[in-house]
Structure formats: C-alpha cells, structure tokens
Amino acid sequence: MKGVNVEVTPLPGIGVRKDFALSSGRRVGVVTHRDGKTELIVSKADDPDACLASLPLTADEAGALANLLGAPQLVAQLTEEHRELPGINTKQLPIKSGSPYDGRTLGETAMRTRTGASVVAVMRAGQVHPSPNPDFTFTSGDLLVAVGTSEGLDSAAKILQHG
Amino acid sequence: MDHTALSLIELGAVFFTLGVLGRFAGKLGLSPIPLYLLGGLAFGQGGLIPLGGISAFTDVASEIGVVLLLLLLGLEYSAAELFTGLRRSWMAGIVDIVLNAAPGVAVALLLGWGPVGALAMGGITYISSSGIIAKVLGDLGRLGNRETPVVLSILVFEDLVMALYLPILTTILGGISFLGGLQAVGISLGVITVVLVVALKYGRYVSAIVDSENREVFLLKVFGTALLVAGVASAMQVSAAVGAFLLGIAISGSTAENATRLLEPLRDLFAAVFFVVFGLNTDPASVPPVLLWAVVLAVVSTLTKIGTGWWAARRAGIGRLGQARAGAALVARGEFSIVIAGFAVAAGAVEGELAALATAYVLLMAILGPIAARVVEPVARSLQRRGNRFSRAAEQPS
Numbered sequence: 000m001k002g003v004n005v006e007v008t009p010l011p012g013i014g015v016r017k018d019f020a021l022s023s024g025r026r027v028g029v030v031t032h033r034d035g036k037t038e039l040i041v042s043k044a045d046d047p048d049a050c051l052a053s054l055p056l057t058a059d060e061a062g063a064l065a066n067l068l069g070a071p072q073l074v075a076q077l078t079e080e081h082r083e084l085p086g087i088n089t090k091q092l093p094i095k096s097g098s099p100y101d102g103r104t105l106g107e108t109a110m111r112t113r114t115g116a117s118v119v120a121v122m123r124a125g126q127v128h129p130s131p132n133p134d135f136t137f138t139s140g141d142l143l144v145a146v147g148t149s150e151g152l153d154s155a156a157k158i159l160q161h162g
Numbered sequence: 000m001d002h003t004a005l006s007l008i009e010l011g012a013v014f015f016t017l018g019v020l021g022r023f024a025g026k027l028g029l030s031p032i033p034l035y036l037l038g039g040l041a042f043g044q045g046g047l048i049p050l051g052g053i054s055a056f057t058d059v060a061s062e063i064g065v066v067l068l069l070l071l072l073g074l075e076y077s078a079a080e081l082f083t084g085l086r087r088s089w090m091a092g093i094v095d096i097v098l099n100a101a102p103g104v105a106v107a108l109l110l111g112w113g114p115v116g117a118l119a120m121g122g123i124t125y126i127s128s129s130g131i132i133a134k135v136l137g138d139l140g141r142l143g144n145r146e147t148p149v150v151l152s153i154l155v156f157e158d159l160v161m162a163l164y165l166p167i168l169t170t171i172l173g174g175i176s177f178l179g180g181l182q183a184v185g186i187s188l189g190v191i192t193v194v195l196v197v198a199l200k201y202g203r204y205v206s207a208i209v210d211s212e213n214r215e216v217f218l219l220k221v222f223g224t225a226l227l228v229a230g231v232a233s234a235m236q237v238s239a240a241v242g243a244f245l246l247g248i249a250i251s252g253s254t255a256e257n258a259t260r261l262l263e264p265l266r267d268l269f270a271a272v273f274f275v276v277f278g279l280n281t282d283p284a285s286v287p288p289v290l291l292w293a294v295v296l297a298v299v300s301t302l303t304k305i306g307t308g309w310w311a312a313r314r315a316g317i318g319r320l321g322q323a324r325a326g327a328a329l330v331a332r333g334e335f336s337i338v339i340a341g342f343a344v345a346a347g348a349v350e351g352e353l354a355a356l357a358t359a360y361v362l363l364m365a366i367l368g369p370i371a372a373r374v375v376e377p378v379a380r381s382l383q384r385r386g387n388r389f390s391r392a393a394e395q396p397s
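Chains A and B are the protein sequences, given in the same order.
Be aware that the first sequence starts at 0, since it is given in numbering that gives the first Met the number 0, and climbs by one per residue.
Be aware that the second sequence starts at 0, since it is given in numbering that gives the first Met the number 0, and climbs by one per residue.
Chain A with its partners taken away, still in its complex shape (with noise of 0.2 Å):
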C-alpha cells in the first residue's frame, strides 16, 4: 500500500480501531469487536473526532464490501499490465447465487476450452487467490477476475450465469 498509514488504536475492554485518513482528511477504518464483530466506520466532515455513521457489519458483509472495493483495484492493475497487447480485456464475473457453478469447480466450468478467457484470480472476502487451480471450488459472492478477448469475456459471463 502506497501512503495510507493505518493507525492501529487498542480499546481497552472493546476491542481494536483500525482507521487511516483519507487524503480529504476524513478518517475511514474499522472497529473490532473483541467476540468478532467488525463496524465500519466514517468520520464526520466537520469533526474529524467523531464519525458520521458507524455500521455494524456480518462476516459476510465484510467480505462483499471487501470483494467491491478490492476487485476493481486488481482488474485496473491488470489492464494496466495488458495495455500493449491490444484485444486483451480484463472483467470481473461474479457467482450469483444461483449459478450453476456454485458449489462446482473451475475445472467444470471448462472456461478456457469453451471461450479461450482465463481465470486469473478469484477474489473471496477481500482475499486475493490468484492463478486457481482447476480444482478451485466456486462460492456464491465469488468475483472471478479473468483475461481474453471482449467476445470470450462475454460468453464466459453468460456460461457462469445459465451455464
């Protein structure tokens, strides 16, 4: 991380605050619960001390709010990276639930045969796996960042979704 220094605060008898400030002075960050609970936090425009909302948030909703804010980060990184070859697009393809894939493997998906796009990564709960195995297990909430051509971007989006 380029300079965001994150500021690790103890609560004594509550748990931890975990916060940095955004370049418009605001302070964004979480509180951990000492049993495990995670608010979000965000300071308030006109005081800084004290914050405008304060979320309380399940493990779930930690790990798709980490998904939303972290997998377009590593899309933009990697269509950096592919800039000089052109055709090449990066896409993020979610699991709904309700996709014929939850639950199944990368290797059934048979993405590459079928739309010549690879997975790179798979993004779950704000956790980056990257270059997944064919025997990767796909989780409704996962987003899947793969490469190809916008055509087999495409296609590969509409098999993850019908099958």
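The hints are simulated quantities; they were obtained by calculation from the structure and are not laboratory data.
All C-beta atoms in this analysis are idealised placements derived from N, C-alpha and C, irrespective of residue type, glycine included.
Errors might be hidden in some of the hints.
Computed, partial: chain B to chain A, Cβ under 8 Å [said to hold, decoys possible]:
#  : residue
1  : Y76
2  : A78
3  : E80
4  : T83
5  : A133
6  : L142
7  : R145
8  : V155
9  : E256
10 : I317
11 : G321
12 : G347
With chain A fixed as given, assemble chain B onto it according to the hints.
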C-alpha cells in the same frame, strides 16, 4: 403458608418486578441500576411492601453479586491493556482522582462524618460507571470516535485504582490499628503486583486451570474459582471483590471471552440482588434530608468529571466538540459507587446517612450520565454557533 413457599413467592415477586423495571429502563434508554435501587427502597424496611424471610438468601446473593461485578470487570481487560492504559493515562488519572474525589470528601467533612466517611464519599464521587459508559458509547455509535480511547483509558485507570482503594477502605472500615492497616495495605499491594505480573507472564496457565470444553464444567469451575479466590482474599483482608477482580485479569484470551459470555447472566441476576439489598437496607425516610446535598454533589461532580474528560481529550489533541463529548461521557456513576457505599455501611463505621446520600447520588448520576452524553453534542454545537455569531458581530461594528 410455610416458610419455603413464602420465600419463593417473595423472591419471584422481587425478580419479576426488577424485570419489568429493567424493561422500562431499556425503553427509556437508561441504565436499570437507578430503578433497581428504587425497587429496593420500595420493598423492605420502611417501604411499601415489607419483605421477610428472604434475607438469608439475599445477603449471600448480594455478596456474590459484588464478586461477579468485579470478576467480569477484570475479565474485560487483559494485563497488557492495563499496563498500556496505566502508562498512557496516569496523568489524566491523577487529575481525575483529585478533581472527583474532592467533592465527596468535602461534603463528608462538612457533614461531620470524619476521615473514614470522607474516604468512602471520595471513592463514591470518584469512580465512574464503566458499565453504563461502555454501553452508552456503543449505543451512540461513538466507539470509532477519536476521543473514545481517551475515555476508555481513564476508565481502565479508575478500575486499577479501585484494586488499591478497596483493600485500603475495607481495612480502615474494619477499624484495624494503624500498624495493622499498613500491613494490610502492604499485603494487598504485594498481592496485586504479583497477580499482575503472573497474569502478564503466565495468564494462559491460570486460564488453563479453569478452562474446559464442556460448558457446564467450565461454568462451575470459573464460578467456584471466583468464590474461592474471593473468600481467601477476604480472609487476608484484601477484600473479596478485589480478589475476584484480579482473578478476572489473570484469566485471558478466549477463556476470558467464554467466561464473560457464561457469567454475564449470573452477574446480571446477582448484581440486581445486590442493588436491591442496598436499597432495602436504606430507609426511604432517610433520603429526603440528604437530597439537597445529593443534588449539590451531583452538580459539582458532573462539572468536575466534564473538566477531567475535557482536559484529558485536549491533551490528546482532540478537537473542541470531542473534548466536550469525552467530558460528558465520563459523568455516569453507578455500580461501583454503590459497592463502596455497601462496604462502608456493612462495616457500620460510618453514619447511616451515608447510605441514603449514596443512594440519592447514584440515582441522580446514573440517570444524568447517559443524558449528559446524549445532549452534549447539540448543546456544544449551539454554544459554538452562538460564540461565532458574537465574535462576528464584534468584528463588524456597524
């Protein structure tokens, strides 16, 4: 009706009433403690409904209530947290002692209660209620605020002070000779130091003794250990409550979390009995004569706590509104003021009026505290706005 049936009916009625009162307090966003005290005043001696036959149970139960209150307080903190808290906030902690014990000491001396009464009243006005404050901070969504660690570290400091103060108080209340008192203070200081060091270095062994996979076994072991330690501490004149507090500190990690989860309902039950018994032993007729003093103490000690929080937050580089919030957050007094008053009254070394004053004072402060924490922001903002208007008006004389 035989004795057992009567006792069961009386106990059932008391707990049921407390439950209804607690629910009412929850709806108003208040701490249930003042209502428990009122419940105790209403029952019993000189109250509306006299209770007989359950005092054998309630006396022991209220002792257990104090032990559990302090045990769970100890479980909340690890020894490492206490040490960092001590290092970071000792200056604010000392300001806190000086400013907030002073009103209690002064009133006790004015009322002619002597040095022992002054020691007890100083403790009563000094100690904030960490239970009420932690709950209010959570309810108001202030855990992520920058002034909150300042508030929490003051509370940690206060709790450590309690570990020293309670044994000293119990010895002096016991009327032991000066030399014997010094000896007891020496013993308690030694014990506290040893326990803190043991907790810091070997806490996991203490945890291992009480830990168990089985919930039932775990509950019995933790509860049994707490009572054993409390009993031994009490026999050594260190005060049962402090023994339990130190045990709580020594138990750490996931064992502490599980113990908290298991013991919380027991603590709520027995602590409720403790508050009721305190109210029961206070004659409602003795409250009105000291009410004026309670109001004076409430006003003065609200201001001194706000001053303490304001000063500590300012030193930590918090902005104006944050300083005001930190001050108001600390105002609530509750369970530990009653614990101190309970010791003082039980020892019989102070005037009976002290119990009445402490009851009235805690009633006021436990209600005033959460309200102060809530209204401080709008009030501080409007003051700030008015201040700005004045300064603008002064800048532009038309």
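Hint check results:
1. Y76: 6 Å, holds
2. A78: 11 Å, violated
3. E80: 4 Å, holds
4. T83: 7 Å, holds
5. A133: OK, holds: A133 of chain B within 8 Å of chain A, min 6 Å.
6. L142: 5 Å, holds
7. R145: This interface hint holds because 4 Å falls under the 8 Å limit.
8. V155: OK, holds: V155 of chain B within 8 Å of chain A, min 5 Å.
9. E256: 6 Å, holds
10. I317: 5 Å, holds
11. G321: 3 Å, holds
12. G347: Constraint on G347 of chain B not satisfied, violated at 34 Å.
When held up to the earlier numbered hints, the structure conflicts with 2, 12 and fits the remainder.
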